[in-house]
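A.B. asks: Here is how the chains run, residue by residue.
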Amino acid sequence: MLFSRQQTARHTLSHLDWLEAEAIHILREVAGQCSNPALLFSGGKDSICLLRLAEKAFRPGRFPFPLLHIDTGHNYPEVIAFRDRKAAEIGERLIVRSVEDSMQRGTVVLKHENESRNKHQSVTLLEAIEEHGFDACIGGARRDEEKARAKERIMSFRDEFGQWDPKNQRPELWNLYNARSHKGENIRAFPISNWTELDVWQYIERENLELPSIYFAHNRPIVYRQGSIVPVTDITPAKPGEEIIDLQVRFRTVGDITCTAPVISDADSIEKIIAETATTTITERGATRLDDQASEAAMEQRKKEGYF
Amino acid sequence: MTHPIEDHGLLRLLTCGSVDDGKSTLIGRLLFDSKAILADTLSAITKTSQRRGMQDVDLSLLTDGLQAEREQGITIDVAYRYFTTGTRKFIIADAPGHEQYTRNMVTAASTANLAIILVDARKGVLTQTRRHSYLAHLVGIPHLLVAVNKMDLVEFSQARFEEIKQAYLDFAEQLGIREVQFIPLSALNGDMVVDRGENLSWYQGQTLMEILETTPSAQRRHAAAFRFPVQYVCRPQDASNPALHDYRGFMGRVESGSIAVGDSVTVLPSGLSSTVKAIELGGEPLADAATEQSVTLLLADEIDISRGDMIVKTGELPTQTKQLQATVCWLAESPLDQARTYLIRHTTRDTKAKLAEIAYRVDVNSLEKQAVSQLAMNDIANVTFKLAQPLFTDPYVDNRGTGAFIVIDESSNNTVGAGMIGRESVCF
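If you read the sequences in order, they're chains Y and F. Counting in the working numbering, the first sequence runs from 2 upward without gaps. Counting in the working numbering, the second sequence runs from 119 upward without gaps.
None of the hints are false.
Per the computed footprint, the stretches of chain Y lying under chain F, defined by three or more beta-carbons under 8 Å from a beta-carbon of chain F, are:
no.: 1; segment: 20-27
no.: 2; segment: 167-181
no.: 3; segment: 196-210
Just so you know, these hints were derived from the structure itself, not from any lab. Glycine included, each C-beta is placed from N, C-alpha and C at the ideal position.
The task is simple: from the sequences and hints, build the whole structure.
C.D. replies: Pasting the structure below:
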């Protein structure tokens with residue numbers, strides 16, 4: 002049974018069309034099965050794709066969920082401005098809950114003043130879930146990002162403490178998703194689970210999606226610290242003795258300033274980023290997430306504690 | 119655009135075998151070698167001259183998560199891995215090979231269109247090979263590929279390859295497997311994975327990568343009837359836009375077949391008919407839609423339709439049934455309890471259900487039918503469920519989308535069973 006390439010092409014949705022159709026199906030399952038979901042929107046590239054997918058899934062209607070951002074207060078200002086502008090542009094409701102409020106309430110206690118607030122997002126997220134009674138949160142996590150994510154279901158169950166139990170996940174067969182939960186429990190839904198970083202960039206190119214400027218190559222003061230590139234900002238100043246270098250970099254992933262590192266790159270267009278992504282040998286998080294480097298199991302640990 | 123590259127869509131495949139068969143090495147090689155193909159595809163001018171079958175790379179590094187997980191006792195999991203050649207994207211579902219992992223294999227197989235069944239050239243067809251083939255066939259994977267690996271350890275012997283092929287065909291026939299391909303390879307050296315290599319010149323067929331790049335990605339053996347389970351109903355009722363006042367969009371994914379504007383459709387369970395007024399995606403019009411596309415249908419007549427209903431072409435009705443005869447794989451630690459009521463989810467429709475009868479259980483090693491009174495985790499059995507509400511079904515062999523269901527335990531909300539509907543479901 003031999004198939005020529007032409008025959009194969011004729012019978013198939015393009016890979017982006019297929020991934021898009023799958024993601025739309027998942028979004029609509031969340032809307033159909035859950036009574037009060039929210040879509041986690043940070044202004045990062047993955048959640049920007051989610052917004053476009055939600056538009057494709059639900060227009061001309063409104064989204065059947067608000068957008069939710071858990072803000073550490075340590076995000077790049079360009080990204081926060083983009084987040085607000087984008088939410089206004091598409092006319093959907095944006096809820097922002099901040100880690101700083103949790104700190105004032107005393108539910109987040111930093112070990113020291115300079116501790117990264119990134120992992121404390123979990124607390125603020127769980128507080129937001131309780132405050133609004135969300136029974137599902139839609140996130141832009143992908144299985145190719147990191148080992149712990151690779152094990153995660155598309156509809157991932159969290160108990161009433163927001164905990165994920167990797168050893169006790171619901172089997173997920175065909176496209177029959179089980180997003181049922183009892184009151185107080187929560188489902189995390191990941192419509193782009195099966196996308197890779199390259200797919201995301203190809204989709205951004207195809208859909209002509211706008212991105213925060215820091216995804217593209219730009220000059221920025223950095224220091225080298227323990228083999229990583231650390232951006233020099235008000236929140237992350239250079240330490241005594243460190244040499245500040247002006248370097249052409251871009252961000253592959255965008256999050257809390259204290260734990261997101263740029264990569265050296267001259268890719269100033271989506272086309273160049275795609276070429277770079279296709280040939281890179283380092284995983285997205287391996288290259289750019291200082292928090293995941295802390296230990297092999299860092300992500301798994303944070304997810305068990307309710308991180309998305 | 120980068121530059122126009124042919125897009126052959128996406129293929130989901132399953133690898134069956136144990137680490138001993140060289141499965142990790144094979145997956146590692148596919149992940150590694152495809153990088154070079156991708157670079158070739160994307161750089162139209164400069165071709166990499168690099169030979170793809172690299173000798174000195176530790177391929178197990180690429181798949182190390184697998185073994186570590188098993189040692190930690192996380193045995194319940196299917197691992198998904200991704201690679202692309204630029205013209206086609208691949209999703210590998212990898213299920214552990216041992217007997218107690220039947221449920222993992224069924225889970226991984228449920229979304230696969232091709233199964234690579236690994237056979238160690240030294241050992242030939244084993245009980246494990248039969249079990250994997252039975253399950254792959256049961257779950258209806260359209261394309262089976264038997265990869266006779268470690269050919270380097272049998273001196274690349276054509277005679278040995280033919281011997282294994284014949285042994286496999288003998289039992290495949292008993293199972294009713296009609297279409298199966300065979301390929302000799304050495305995952306370690308890379309022979310016949312991406313490059314043909316020097317050692318298997320007697321083999322005239324496609325390399326593994328050529329097979330993967332050209333196998334049809336969707337199940338299209340049957341000219342399937344149009345099935346559109348409704349997931350969500352869009353009624354914008356936007357006061358500022360009177361044009362949307364009467365808008366009713368029925369949102370879903372085409373499970374099978376195709377639909378075009380103007381087609382006559384029937385809505386189930388009401389049985390009311392109408393015609394397709396428009397097909398949309400994201401509010402933009404489409405002329406038609408085919409299998410696996412997520413779209414919104416608008417009908418000419420005002421019919422009350424909600425989630426769980428199904429839109430089909432008039433004259434192509436599925437079977438309406440309140441008694442479901444099916445092959446079930448039990449997934450939960452607690453056994454299937456005849457006294458309890460479960461929830462069955464079929465397409466977007468849920469109904470309460472009780473076990474009526476277990477006809478027999480299949481021993482996945484001997485493939486013998488056994489009489490049993492209850493089902494434990496990893497059991498495969500032919501059963502009948504009584505349903506509280508009717509479902510609209512097709513036999514699983516004809517249609518995965520409308521032939522599959524899951525069983526949910528309402529107390530825990532866990533998914534506890536997976537079912538494939540047989541031909542004998544009783545009509546009411």
